Amino acid sequence: MSKPIVPGSNLPKSHLSKNKGENRISAKRYLNEKIIEHLASQLVLGTLTQKVHQRTLSLSKGNEALAQAINDWQARFINLDLQTDELPASELSWQRIRAAIDVPPVDSIDEVHSKRAAKISLDNNNVKQNSNGRALSIKDRLLSFLSGCFATPINTSVSVFSVALIAVLSFALINPLAKQSDPLSYVAVLTQQGGEAHLVASTYGESKKLVVNIINPPTLASEQSLELWVVSKTDAQARSLGVIPVGENLIEQQLSIAQWRLIKDSQSLIVTLEEEGGSAIGEPSEIIVSQGLCIRLKEWQKNV
Amino acid sequence: MLNKKLNEADSQANEQANSQTLEQINSRELMSNYLNHEQLLKMKNSQHLNHLLALCKNRDKSAFSQLYQLTSAKLNGIAYRITRNVDSANEVLQEAFIQIWQNCGEYQQEKSEAFTWLAAIVRYRSYDRLRYDKRRHQNDMVQYNDSDNETGNEENTSEFKINAPNLNELNNHCVEIGLGDFPEQALNDCLSKLEQKQSQSILMAYLYGYSRDEISDYFDCPVNTIKSWIRRGLGRLQLCLSQ
Numbered sequence: 001m002s003k004p005i006v007p008g009s010n011l012p013k014s015h016l017s018k019n020k021g022e023n024r025i026s027a028k029r030y031l032n033e034k035i036i037e038h039l040a041s042q043l044v045l046g047t048l049t050q051k052v053h054q055r056t057l058s059l060s061k062g063n064e065a066l067a068q069a070i071n072d073w074q075a076r077f078i079n080l081d082l083q084t085d086e087l088p089a090s091e092l093s094w095q096r097i098r099a100a101i102d103v104p105p106v107d108s109i110d111e112v113h114s115k116r117a118a119k120i121s122l123d124n125n126n127v128k129q130n131s132n133g134r135a136l137s138i139k140d141r142l143l144s145f146l147s148g149c150f151a152t153p154i155n156t157s158v159s160v161f162s163v164a165l166i167a168v169l170s171f172a173l174i175n176p177l178a179k180q181s182d183p184l185s186y187v188a189v190l191t192q193q194g195g196e197a198h199l200v201a202s203t204y205g206e207s208k209k210l211v212v213n214i215i216n217p218p219t220l221a222s223e224q225s226l227e228l229w230v231v232s233k234t235d236a237q238a239r240s241l242g243v244i245p246v247g248e249n250l251i252e253q254q255l256s257i258a259q260w261r262l263i264k265d266s267q268s269l270i271v272t273l274e275e276e277g278g279s280a281i282g283e284p285s286e287i288i289v290s291q292g293l294c295i296r297l298k299e300w301q302k303n304v
Numbered sequence: 305m306l307n308k309k310l311n312e313a314d315s316q317a318n319e320q321a322n323s324q325t326l327e328q329i330n331s332r333e334l335m336s337n338y339l340n341h342e343q344l345l346k347m348k349n350s351q352h353l354n355h356l357l358a359l360c361k362n363r364d365k366s367a368f369s370q371l372y373q374l375t376s377a378k379l380n381g382i383a384y385r386i387t388r389n390v391d392s393a394n395e396v397l398q399e400a401f402i403q404i405w406q407n408c409g410e411y412q413q414e415k416s417e418a419f420t421w422l423a424a425i426v427r428y429r430s431y432d433r434l435r436y437d438k439r440r441h442q443n444d445m446v447q448y449n450d451s452d453n454e455t456g457n458e459e460n461t462s463e464f465k466i467n468a469p470n471l472n473e474l475n476n477h478c479v480e481i482g483l484g485d486f487p488e489q490a491l492n493d494c495l496s497k498l499e500q501k502q503s504q505s506i507l508m509a510y511l512y513g514y515s516r517d518e519i520s521d522y523f524d525c526p527v528n529t530i531k532s533w534i535r536r537g538l539g540r541l542q543l544c545l546s547q
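Sequence order for the protein chains is P and D. Just so it is clear: in the first sequence, position 153 is 153 by the working numbering, and no numbers are missing. Just so we're on the same page, the working numbering is the position in the second sequence counted from 1, plus 304.
Treat the hints with care, as some may be off.
Every beta carbon over 12 Å from chain P, so not counted as near; a handful from chain D, in silico [what the hints assert, rightly or not]:
#  : residue
1  : Gln351
2  : Asn354
3  : His355
4  : Lys365
5  : Tyr384
6  : Ala393
7  : Arg427
8  : Glu499
9  : Gln500
10 : Lys501
11 : Asp521
12 : Phe523
13 : Asp524
Once the Cα atoms are required to be at most 20 Å apart in a straight line, the calculated SDA-like pairs of lysine to any residue come out as [claimed, not checked]:
#  : chain 1 : residue 1 : chain 2 : residue 2
14 : D       : Lys415    : P       : Arg76
15 : P       : Lys51     : D       : Ala490
16 : D       : Lys365    : P       : Asp102
17 : P       : Lys34     : D       : Arg540
18 : D       : Lys415    : D       : Leu359
19 : D       : Lys415    : P       : Gln224
20 : D       : Lys361    : P       : Ile101
21 : P       : Lys34     : D       : Leu543
22 : D       : Lys438    : P       : Val52
23 : P       : Lys208    : D       : Tyr436
24 : P       : Lys61     : D       : Gln412
25 : D       : Lys365    : P       : Lys34
Just so you know, these hints were derived from the structure itself, not from any lab. Since this is a predicted model, take the numbers as computed values, not measurements. C-beta: ideal position from N, C-alpha, C; glycine also.
Chain P extracted, bound-state conformation (with noise of 0.2 Å):
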């Protein structure tokens, strides 16, 4: 068996110099077994400076050896990592690596089987999805839902509302833009100050697809314009998601990824009285016309 090299074992004094640094060294010599192996030791070892750790590992991008090297003693070491004790990451952990890479929530072992187990049923059974059929399903957990709000001791304004939101929401859900398959995800019914509905907006989580239906349009004059805003439930900062164009009682927006991400940290959505075209700075006017939480319905539906 031949002899291993000792990391950083006779290694030119200019390489040990504190003075000279590390960094210092040609490409050349970065070819040394000697040095190599010294590099990679106590790259893993975590003894670089960061500097030099950083160096270390764009070097080794293009030095075989030296990725070699650094592979084999995080081989070595590993099982000292596979001993340490887990720790369960915080819930906003994921919540914000999701917010940076826009990837969809962590289902569960059981969801994953009952999503899988929910599709199973349906090739085998080739049923044909409608969206008449799957709004009456949502209707039917709407109902629910708010007929277990009424037998809870709440004033009579709330189950006025109430009724006013199955109406609306039966409305929206029966969406002729909707597709047959395109599971809806967020709903939000925005409000005017009396309680009357103005509009609602619905999102759908395969298209990405915004809809909003106008039940009662606000009276405008020409040089005004009504602007949609998402309300951020992380930081609580309302960001546009454009100009509700007049005249229209339906209105189908394809949102990008970036619209998309505010969707899905949504808190409410707010439509806001502004000057024709829009707000000019970015941020809504303080005249709120209507305003309304939004819900996804994978959360609300548990409540059901």
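With chain P fixed as given, assemble chain D onto it according to the hints.
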């Protein structure tokens, strides 16, 4: 035993795929049912993680979610071991997973195990974070001492001490080396054969992110002595592991 379960899970997935004519039933869903995280991570053969990383290269977000589910607790534990702060560990984990998603194309399964690659990313980020936090605390300490001198109050400076790793744990770890029931004891055995100061220096650096200067302070020895211990220790370790 584990490989057998893996094979069973895969064949069961295949049977269902054939009988139910479902498209792309994924065996990883079934495997999650059979294997808990600990088992997966202890697996010498990390085919499953390799598979998930390969899917991540193709920007499969579902695979990335599963990768997170399977490894985050262990990786967070590693980050916590080094940073000794739950918030810092979680932040390191977040940064690491974003890096993993961005750089998973660089992972080469023929050159290293998937978990080894993942753990390395977390460890290096943890070392960086630890040193950043220490520098920040040292600055706090300087500011605190300055204001202390102004008020004449020289007590309570210990409040600003760095979250130092618990050296008792390290000593316990050294005592335990060779006694664990881990299937791959080669590293533990080889570490136990080193001179105690050599193994301690190596473990202080690797496990808790101690710099050579900090190890030198701990042992009250010149830094060059510490470098020498580490260098010799690593050499002997390499020799022992190659036997």
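Hint by hint, work out which the structure violates, then give me just those numbers in ascending order. Hints 4, 5, 6, 7, 15, 19, 23, 25 are the ones this structure does not satisfy, whereas the remaining hints hold.
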